[in-house]
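Peer 1: Chains A and B, in that order, are what the protein sequence lines are. Sequential numbering of the first sequence, starting at 6, is according to my numbering. Sequential numbering of the second sequence, starting at -1, is according to my numbering.
Derived by calculation from the structure, the hints in this document are not laboratory data. Please note that the accuracy of each hint is not assured.
[What the hints assert, rightly or not] Calculated Cβ distances over 12 Å to all of chain A for the following chain B residues:
#1 Gly28
#2 Ala53
#3 Leu68
#4 Thr69
#5 Leu93
[What the hints assert, rightly or not] Below, a sample of chain A positions facing chain B; criterion: calculated Cβ distance under 10 Å:
#6 Ile18
#7 His19
#8 Gly20
#9 Val23
#10 Phe34
#11 Arg53
#12 Met54
#13 Gly55
#14 Val56
#15 Trp77
#16 Val155
#17 Glu158
#18 Phe160
Keep in mind that this is a model prediction, so the values were computed, not measured. The beta carbon of each residue, even a glycine, is placed where N, CA and C say it ideally should be.
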Amino acid sequence: MSIALYRVDDRLIHGQVVVGWGKPLHADFIVLVDDRVRASPWEQELYRMGVPPGLDVEFASVAEARQGLERWEHDPRVGILLTGDVATIAALVNGGHVPRINLGGVHARDGRRERLRFIYLSDDEAETLRRLARSGVQVTAQDVPTARAVPLEEFL
Amino acid sequence: MSDTKGVIVSHAAVADALVLAVAAITGVEGALVAVSNDGCDNDALTRRLTAAVGAGPAVLFVDLPGGSCLTAAVRHARDRADLAVVTGVNLAMLLDFVFHRELPPAEAAQRAVQAGARAIRTPAA
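The following block holds chain A by itself, in its conformation from the complex (with noise of 0.2 Å):
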């Protein structure tokens, strides 16, 4: 099955990754691309206390996640790729074949305004954003999957 979503949110492995698309994905493994996470093994651990039993977690620097691309879309599994924000997925674009993006949760911070309820930018986000879609990403935002997946078109 490989990759079955490219996620963007900034509190990595939380509820909705988990539960909101986890189980109906029927996900067997999350890739986490974070490289301060990728160098504490304490992180690593709170992030596990997270995650039921059955359900696998693989931690990666962006430079690991380069070269794991193409395992993990060949994985028979059904896996879940997060980043905790706009730079990190647009290094995995450069970097390897990422078909689409979910925008799933980006919040508040100096110099970013909002776009939708759950995702606030920068206008250097933005543009990068507008780049990889220019590219031939698919890029909508969508916090849960009963929500509607709303392309960027109608954000930026």
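Got chain A sorted already, so can you dock chain B onto it with the hints?
Peer 2: Same frame as chain A, now just chain B:
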């Protein structure tokens, strides 16, 4: 030494509702503080939690045994011996907790876990 504070960390308005319910049942006010993760990334939730906990001893009651509320609570309690974390918060454990706030956080947390667990049952019809 000051009484142990209870800080409820939850999704949406669960924490607010629990604070109101405890006050309605016991009449005890000010023993519990609510923190919601609504609209927060991890950093924003940590700031919200830090403001709610303050400097004194506290038990952090988290709704789920995983996710953003738990990670924020455990991260905040990591370097503080005067904080304890309990997951799976329910009304029964909070009702017991507000009458035993003289206990240090670790003991208060253990007591709350037992009180909460005792409340989960399937009563005979």
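Peer 1: Against this structure, judge whether each hint is valid.
Peer 2: For each hint, the structure was consulted:
At the 12 Å boundary, the C-beta of Gly28/B stays outside the reach of chain A, the nearest C-beta of that chain being 29 Å off. In this structure Ala53/B is separated from chain A by more than 12 Å, as the shortest Cβ-Cβ distance comes to about 24 Å. The non-interface label for Leu68/B is inconsistent with chain A: the shortest C-beta to C-beta separation is roughly 6 Å, within 12 Å. Against the 12 Å criterion, Thr69/B falls within the reach of chain A, whose nearest CB is about 5 Å from its own CB.
For Leu93/B, the requirement that its beta carbon stay farther than 12 Å from each beta carbon of chain A is met, with the minimum near 25 Å. Interface restraint check for Ile18/A: the shortest CB-CB distance to chain B comes to about 7 Å, inside 10 Å, so the restraint holds. Restraint check, His19/A versus chain B: the minimum CB separation of about 4 Å is within 10 Å; hint holds. Evaluation of the Gly20/A hint against chain B yields a held restraint, the C-beta minimum of about 5 Å falling below 10 Å.
This hint holds: Val23/A has a C-beta 7 Å from the nearest C-beta of chain B, less than the 10 Å allowed. At its closest, the beta carbon of Phe34/A sits 16 Å from a beta carbon of chain B; the interface hint therefore is violated under the 10 Å criterion. Of the supplied interface hints, the one on Arg53/A holds, with its beta-carbon coming within about 8 Å of a beta-carbon of chain B, less than 10 Å. Checking Met54/A against chain B by beta carbon gives a least distance of about 5 Å; that is within 10 Å, so the hint holds.
At about 2 Å, the closest approach between the beta carbon of Gly55/A and any beta carbon in chain B falls short of 10 Å, and the interface hint on this residue holds. Below 10 Å, beta-carbon pairs count as interface contacts, and Val56/A has one with chain B at about 7 Å; its hint therefore holds. Residue-level restraint check for Trp77/A is violated (minimum Cβ-Cβ distance to chain B is 22 Å; threshold 10 Å). The beta carbon of Val155/A comes no nearer than 18 Å to any beta carbon in chain B, farther than 10 Å, and the hint placing it at the interface is violated.
Annotation: interface hint on Glu158/A violated; nearest CB of chain B at approximately 25 Å, more than 10 Å. Annotation: Phe160/A was flagged as interfacial toward chain B, and the flag is violated, the nearest CB pair being 17 Å apart, outside 10 Å.
Going through the hint list in order, the structure does not satisfy hints 3, 4, 10, 15, 16, 17, 18.
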